[in-house]
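> The lines below spell out each chain.
Number of protein chains: 2
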Amino acid sequence: MSNPLLTKHELKLKEALSAIQNRGFYSAYPEVPSGKIYGETAKKDGQVAFEGYLGNEFALQQGGCSGTIGSEVSPYGVPINAQYPKANSNALLEGISRACPAWRNASVETRVGIAMEILDRLNKRSFEMAFAVMHTTGQGFMMAFQAGGPHAQDRGLEAIAYAYKAMKDCPTETTWKKQVGRDEFVTLDKTFKIVPRGIGLVIGCSTFPTWNTYPGLFASLVTGNAVIVKPHPGAILPLAITVDICQSVLIEAGFDANLVTLVADTTEHPVTAELVERPEVAIIDYTGGTAFGDWVEANAGNAVVYTEKAGVNSIIIDSVEQMKAVSGNLAFSLCLYSGQMCTTPQNIFIPRDGIETADGLMSFDDVSSAIVKGVDWMLSDQGRANEVLGAIQNEATAERIDASDGEVLREGSSIEHAMFDGARTRSVKIIKLEASQKEVFEQEMFGPLVYIIATDSTEQSIELAATVAKEHGAISCGLYSTNNEVTEKAVDAMTLAGVPVSCNLTGNIWVNQSAAFSDFHVSGVNPSGNATLSDMAFVVGRFNIVQCRTFVAEPAKVEA
Amino acid sequence: MSNPLLTKHELKLKEALSAIQNRGFYSAYPEVPSGKIYGETAKKDGQVAFEGYLGNEFALQQGGCSGTIGSEVSPYGVPINAQYPKANSNALLEGISRACPAWRNASVETRVGIAMEILDRLNKRSFEMAFAVMHTTGQGFMMAFQAGGPHAQDRGLEAIAYAYKAMKDCPTETTWKKQVGRDEFVTLDKTFKIVPRGIGLVIGCSTFPTWNTYPGLFASLVTGNAVIVKPHPGAILPLAITVDICQSVLIEAGFDANLVTLVADTTEHPVTAELVERPEVAIIDYTGGTAFGDWVEANAGNAVVYTEKAGVNSIIIDSVEQMKAVSGNLAFSLCLYSGQMCTTPQNIFIPRDGIETADGLMSFDDVSSAIVKGVDWMLSDQGRANEVLGAIQNEATAERIDASDGEVLREGSSIEHAMFDGARTRSVKIIKLEASQKEVFEQEMFGPLVYIIATDSTEQSIELAATVAKEHGAISCGLYSTNNEVTEKAVDAMTLAGVPVSCNLTGNIWVNQSAAFSDFHVSGVNPSGNATLSDMAFVVGRFNIVQCRTFVAEPAKVEA
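Protein sequence lines, in the order shown, are assigned to chains A and B.
Numbered per the working numbering, the first sequence spans residues 34 to 593.
Numbered per the working numbering, the second sequence spans residues 34 to 593.
Isolated chain A, as found in the complex (with noise of 0.2 Å):
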């Protein structure tokens, strides 16, 4: 059962489960937006077809839509305006479930082909996807390139890997022969089918629209479901270009463009909640707020929900070689895209004795003054400080951050960007609180906001650390210390609340980072979500399998 498609990306596959299985470091699309790699061209190509949808309407080949609708506004201040089909949910879904029998009754390895050509065509655009993560989400341009682009391809094809195993983890056809007498034997022949499971609905979020949604939406669509794709409505464009080379791909494949889709909306008139109660939605992936996928979760019906909602991540100090490598380390972390990933480090816990040092005890106010140096010094070259924060997404996140008081250990005011004058900036902004504080410091506070907590131990900064991330989330979370037993104390007591902690990281590698192929994101053990990208749990869900049996006579005995 071979097809040109898979063929095609055969070998990619191949790493891919090889990856999968061990976990170690893989990347199938290359992460440097370097002409050499993706065409001296790419770059400039890429800004002008970014700047072709400005203010245009955005065709899809989809059914069931009239007028268009879109509300988007970049957090750089440059105007969007692109207007996307307006779907009707009935007629919508009308058109999807006369799209699904070929897809479901499709090969795994012609559904498996189709999503790798997806990846790949995805792969050939992410200059244009780079620009368009950059002014939906307010990325710099470097991390929109990465974690728009390649990494996310990288994120989707580690859920077609998995989704790929465990279609080929059950034979589709076997033999049953049963001894029941001396010479007597009863035989079945047995076939398994793939049922999927209908409708998967994929609910995107406005800092990282491809990152997060593409796990959901290619482990649906290659266990032979149709996918709704239903952004933020402040981060469309790049789900649109996704929906659109999806329905390219599909049509050139002979399948009908309604098997993955676009429900583009606004703030104002959201549709999301609609699409959730709809019996035909049987999958729904979610990243997002965690009040709104809480929501998800209980009004899901008899949906298989998948959601990545929000954490409260830490920090935790305990003891260290060198301040200046691990100041210099977390600096980056806190100021990467102004706070706004889902792995940012909010809560810094320190002993208020401060900590071991090679050089000495260095005291919490040194090792707190070390923190803010580093974040001073990374935004105190603007070039710099722009590419690195980027813009705040939404107005609110940086009304919050505004709003938020204590004893200031460093101002979050904005910033002036050196080429878009309209950016909605702010820099880091940190905040000394004490342990007895938790009412404080267990709200997540989404955006560039750091807690600095004096704890009155590390065994102190553990136990909180933990206890937030059961009681709110947590995704993440970074270890500081040159203690063997302490380093033992903290994982343990984290990975009981299910927080991957990274220890002593310095130089090219941040706690935020999270990479396809090797990290599990989001453990689905704590409040911030149910799911794992990516595992086997992520994708088994999504299908049945449903088997036949038939009877085969036994051949009539020959007397000798």
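Bear in mind the hints are in silico, worked out from the structure with no lab data behind them.
From a predicted model like this one, the values you see are computed outputs, not experimental measurements.
Be aware that a few hints might be false.
Copies of one chain are not kept apart here, so a pair can be met inside one copy or by any two copies together.
[Unchecked claim] The calculated DMTMM-like cross-link candidates involving lysine to aspartate or glutamate, where the alpha carbons are at most 25 Å apart (straight line), are: (1) K201 - D552; (2) K211 - E48; (3) K201 - D525; (4) K47 - E206; (5) K198 - D552; (6) K211 - E64; (7) K119 - E301; (8) K157 - E504; (9) K471 - D438; (10) K226 - E432; (11) K201 - E48; (12) K119 - E449; (13) K503 - E310; (14) K503 - E475; (15) K226 - D202; (16) K45 - D202; (17) K198 - E432; (18) K471 - E440; (19) K406 - E444; (20) K522 - D552; (21) K47 - D202; (22) K503 - E330; (23) K47 - D222; (24) K198 - E48; (25) K226 - E43; (26) K226 - D525; (27) K77 - D153; (28) K522 - E206; (29) K210 - E48.
Could you slot chain B onto chain A? The hints should help.
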């Protein structure tokens, strides 16, 4: 990380792992109740052991109990009166939570070895279990031995094999090395730890207390969870014996007996709902009626829920070679355990214009009467009738059958039992309906009641069977057709409705049967349940994997 118990059972584990990959015939525990296999005195010993429980206190090694409870009555009229420890939920859960850490931290090999030792001891006590199952469920002795003993043990091993495979799918450690410059690398050591969800609750049913309970029990246990076994108040003894064996093996291996506990109750004072709503319960396996199953699914909070509820199963007769072979096969399926299997056919759809046979057209009435005669013959010998029918587990079932009326083709009154005067028995009642009476036959009529339904055509038969399955659930479907096109249509329609079809069964194989390691029991597609015994989806939700990554400093460069 070898383990003496795993070493002891390693061959069986390997065979089971191979069996779930191929899904051909495999059985780990002999189904023949023979003294040659189980020991010449095994049956007598089993009976003595069973009789020892009657009227006595059943001791368990778990904590958190005071007083006793139990009100089982044998459907055969034998007084049981066993009294089980009465659990106090708070005290029980405290004891369990103290037991968890050591179990959670034990190796996969240790947990799997212990679980397989439990199965081995259960197997050795299959005769004792047969008597316990027979006298709580009303099954005939042979069925109680096979379904309650070796077949249940096979289902348990199947779940263990999937869980083992799922846990071994992720490495425990890896090295991630990424090139970040011409000669520059970032290296992280990563570890991956299995974090069980916590406490599993397994809710048993009254008809197959072990067969339907072992998969969830063993899947939760080997993935590191503690398990609370909550038997149906009418069928406690088989699970009390099971829990007793679990506790003994756990203690011998140095673990806490509270890792597997029994919570018995009575119909008058049920405790299941309270347990379902406990936040400590993180996994629920449920087998039983649809109404309470729906309640469990809706009220389980954040627990992962696996259900097998009820189904309305169909036989579709389109055309046959020889009706006699078909009616003989069907008769056994209809009579076995008085129709109290979740796989027993209820609705037999036959075109009112008759069917094709090798001997020409056979009228609807002749087909109906062949089925009635088949049942008559099956029950014509009292010994055979008693053994095949067994007894009616629940008085409500008997009342339901007695109350149903219409065009009765065969009465279903009670029949004498040769060995047990007080047995609650019913013969198989057969009623003729029209296709238009969907509101009657779409209801599940659990027990020995069969509807023979006259349809306009096989096409209508298929449509009705599929619709009833989609709307009310179905676990099995038998198809008789000599026409390939009809077979394909029927299999397609039923597969989409999530019902495995058995085609043209005659001889020693019946539609009710579901063989571990080969047949997926319940598809998860229709309302008969959301889980399958057993597949990857049945095990992967019982644990999560949480990683830890540690920065590895690059060795200092040596200048040449």
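> The structure should be examined with respect to each hint, and the outcome stated for every one.
Comparing the hints with the structure gives:
| no. | hint | verdict |
| --- | --- | --- |
| 1 | K201 - D552 | both (23 Å within a copy, 17 Å between copies) |
| 2 | K211 - E48 | between (39 Å within a copy, 16 Å between copies) |
| 3 | K201 - D525 | between (35 Å within a copy, 21 Å between copies) |
| 4 | K47 - E206 | both (23 Å within a copy, 21 Å between copies) |
| 5 | K198 - D552 | both (18 Å within a copy, 20 Å between copies) |
| 6 | K211 - E64 | between (55 Å within a copy, 12 Å between copies) |
| 7 | K119 - E301 | within (14 Å within a copy, 57 Å between copies) |
| 8 | K157 - E504 | neither (42 Å within a copy, 46 Å between copies) |
| 9 | K471 - D438 | within (15 Å within a copy, 67 Å between copies) |
| 10 | K226 - E432 | neither (53 Å within a copy, 40 Å between copies) |
| 11 | K201 - E48 | both (16 Å within a copy, 20 Å between copies) |
| 12 | K119 - E449 | neither (37 Å within a copy, 70 Å between copies) |
| 13 | K503 - E310 | between (29 Å within a copy, 19 Å between copies) |
| 14 | K503 - E475 | within (11 Å within a copy, 46 Å between copies) |
| 15 | K226 - D202 | both (12 Å within a copy, 23 Å between copies) |
| 16 | K45 - D202 | both (19 Å within a copy, 20 Å between copies) |
| 17 | K198 - E432 | neither (46 Å within a copy, 49 Å between copies) |
| 18 | K471 - E440 | within (15 Å within a copy, 72 Å between copies) |
| 19 | K406 - E444 | within (12 Å within a copy, 90 Å between copies) |
| 20 | K522 - D552 | within (21 Å within a copy, 45 Å between copies) |
| 21 | K47 - D202 | both (15 Å within a copy, 16 Å between copies) |
| 22 | K503 - E330 | both (18 Å within a copy, 23 Å between copies) |
| 23 | K47 - D222 | between (31 Å within a copy, 24 Å between copies) |
| 24 | K198 - E48 | both (13 Å within a copy, 21 Å between copies) |
| 25 | K226 - E43 | within (23 Å within a copy, 31 Å between copies) |
| 26 | K226 - D525 | between (42 Å within a copy, 10 Å between copies) |
| 27 | K77 - D153 | within (20 Å within a copy, 69 Å between copies) |
| 28 | K522 - E206 | between (49 Å within a copy, 19 Å between copies) |
| 29 | K210 - E48 | between (37 Å within a copy, 16 Å between copies) |
In the structure shown, a violation is registered for the earlier hints numbered 8, 10, 12 and 17, in ascending order.
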